[in-house]
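Colleague: Each chain, written out:
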Amino acid sequence: AQSVTQLDSQVPVFEEAPVELRCNYSSSVSVYLFWYVQYPNQGLQLLLKYLSGSTLVKGINGFEAEFNKSQTSFHLRKPSVHISDTAEYFCAAPLGNTPLVFGKGTRLSVIA
Amino acid sequence: DTGVSQNPRHKITKRGQNVTFRCDPISEHNRLYWYRQTLGQGPEFLTYFQNEAQLEKSRLLSDRFSAERPKGSFSTLEIQRTEQGDSAMYLCASSGNRQLNTEAFFGQGTRLTVV
Chain S
636 AQSVTQLDSQ VPVFEEAPVE LRCNYSSSVS VYLFWYVQYP NQGLQLLLKY LSGSTLVKGI
696 NGFEAEFNKS QTSFHLRKPS VHISDTAEYF CAAPLGNTPL VFGKGTRLSV IA
Chain B
67 DTGVSQNPRH KITKRGQNVT FRCDPISEHN RLYWYRQTLG QGPEFLTYFQ NEAQLEKSRL
127 LSDRFSAERP KGSFSTLEIQ RTEQGDSAMY LCASSGNRQL NTEAFFGQGT RLTVV
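Chains S and B supply the protein sequences, listed in that same order.
Count along the first sequence starting at 1, add 635, and that's the number in our numbering.
Count along the second sequence starting at 1, add 66, and that's the number in our numbering.
By construction, these hints were calculated from the structure, which means they are not laboratory data.
Since this is a predicted model, take the numbers as computed values, not measurements.
Where hints are given, some of them may not hold.
Said to hold, decoys possible - Pairs of lysine-lysine, DSS-like flavour, derived with a Cα cap of 30 Å:
1. B:Lys80 / S:Lys739
2. B:Lys123 / S:Lys739
3. B:Lys123 / B:Lys77
4. B:Lys77 / B:Lys137
5. S:Lys684 / B:Lys123
6. B:Lys123 / B:Lys137
7. S:Lys693 / S:Lys739
8. B:Lys123 / B:Lys80
9. S:Lys684 / S:Lys704
10. S:Lys739 / B:Lys77
11. S:Lys704 / S:Lys693
12. S:Lys739 / S:Lys704
Same shape as in the complex, but just chain S (with noise of 0.2 Å):
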């Protein structure tokens, strides 16, 4: 089983509408999780991480993510995007001795 799985690969939005990006991770990493941002032909950037303490975590460009443990979860989400919030996103936690293990990415797409 994949260590960190995004489960949609693509989600389209309207702008200014809500989003969603689901993350579930396996019971094999470590409880470190991270998502990350990636914009056309650039390297990624941090959004957000849980590390420890609050279950909901704000991070840049007014996206939270929320972890739970019970579903074991770190869904990304905003209340609502901008056109300029269209990239890849990518979930990531340690596994191991790898220090960072990605998902596949969700490409969203907000539309106009």
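Once you have looked at the hints, place chain B on chain S.
Modeller: Then chain B, alone, in the frame of chain S:
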């Protein structure tokens, strides 16, 4: 700009040739990582260094791939006898300490095309 720097940004090479990529991490970072990303996939871990020591290598890293970080600063990734399947974006990242919860900062990548 003190971010992670990768050179070249793009490389086109003929099958069978050798290529070398360079990564300059953020100056005070002692961990350096190499990842490979193909179209429509997430980054796949290749290897990482703690200072000059190479601590972990993925099974993806065949014998044709070698990475070095001789003085614990910049790193090089060499691919010998390139194959078309090596075409990908090669990403470098660095982080500041040994903790698993430390953020990794990524460079913009080197896009390799093998023709």
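Colleague: Look at each hint and say if it fits the structure.
Modeller: Cross-check of the supplied hints:
{"no.": "1", "hint": "B:Lys80 / S:Lys739", "in the structure": "29 Å, holds"}
{"no.": "2", "hint": "B:Lys123 / S:Lys739", "in the structure": "20 Å, holds"}
{"no.": "3", "hint": "B:Lys123 / B:Lys77", "in the structure": "24 Å, holds"}
{"no.": "4", "hint": "B:Lys77 / B:Lys137", "in the structure": "25 Å, holds"}
{"no.": "5", "hint": "S:Lys684 / B:Lys123", "in the structure": "25 Å, holds"}
{"no.": "6", "hint": "B:Lys123 / B:Lys137", "in the structure": "19 Å, holds"}
{"no.": "7", "hint": "S:Lys693 / S:Lys739", "in the structure": "23 Å, holds"}
{"no.": "8", "hint": "B:Lys123 / B:Lys80", "in the structure": "26 Å, holds"}
{"no.": "9", "hint": "S:Lys684 / S:Lys704", "in the structure": "15 Å, holds"}
{"no.": "10", "hint": "S:Lys739 / B:Lys77", "in the structure": "24 Å, holds"}
{"no.": "11", "hint": "S:Lys704 / S:Lys693", "in the structure": "17 Å, holds"}
{"no.": "12", "hint": "S:Lys739 / S:Lys704", "in the structure": "21 Å, holds"}
The structure fails none of the hints (numbered hints given earlier).
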